[in-house]
Amino acid sequence: MNHEIKIRFRIVKNRHVIEVLFDERLSFHENFRILNEICNENLADVRVYDPMKRIFLDRDVPLSTFSFQYFVSFYLFN
Numbered sequence: 018m019n020h021e022i023k024i025r026f027r028i029v030k031n032r033h034v035i036e037v038l039f040d041e042r043l044s045f046h047e048n049f050r051i052l053n054e055i056c057n058e059n060l061a062d063v064r065v066y067d068p069m070k071r072i073f074l075d076r077d078v079p080l081s082t083f084s085f086q087y088f089v090s091f092y093l094f095n
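Counting from 18, one number per residue, gives the positions in the sequence shown under our numbering.
Treat the hints with care, since some could be wrong.
[Said to hold, decoys possible] Label pairs and their calculated CB-CB ranges:
#: 1; residue 1: Ile51; residue 2: Arg27; range: 25 to 31 Å
#: 2; residue 1: Asn57; residue 2: Gln86; range: 18 to 24 Å
#: 3; residue 1: Asn19; residue 2: Asp62; range: 15 to 21 Å
#: 4; residue 1: Ile51; residue 2: Val89; range: 17 to 23 Å
#: 5; residue 1: Val78; residue 2: Leu38; range: 29 to 35 Å
#: 6; residue 1: Asn95; residue 2: His20; range: 25 to 31 Å
#: 7; residue 1: Asn59; residue 2: Gln86; range: 25 to 31 Å
#: 8; residue 1: Asp67; residue 2: Glu47; range: 17 to 23 Å
#: 9; residue 1: Tyr87; residue 2: Asp62; range: 25 to 31 Å
#: 10; residue 1: Ser84; residue 2: Glu54; range: 15 to 21 Å
Worth flagging that the hints you see were computed from the coordinates, not collected in a lab. Here the structure is a predicted model, which is why all the values come from computation and not from measurement. Cβ atoms here follow ideal geometry from the backbone N, Cα and C, with glycine treated the same way.
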């Protein structure tokens, strides 16, 4: 089974957009840590905002908890 979820992040602070494949078995926090090791994007303290639900998402639960479908897009706030 494929455990990848495609995500587009819009970093509000600098209007930077990144698209990533995250492992849905890991949390946002763990995926951000791996992303930082790969490409030096320091996202350790960002808050993940879901514009469709208008809420900030929990960074410490596995992404599979959210039941994301297909390609999702979020805003990142420092």
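(request) Would you pick out the hints that fail for this structure and give their numbers low to high? (result) Numbers 1, 2, 3, 5, 10, in rising order.
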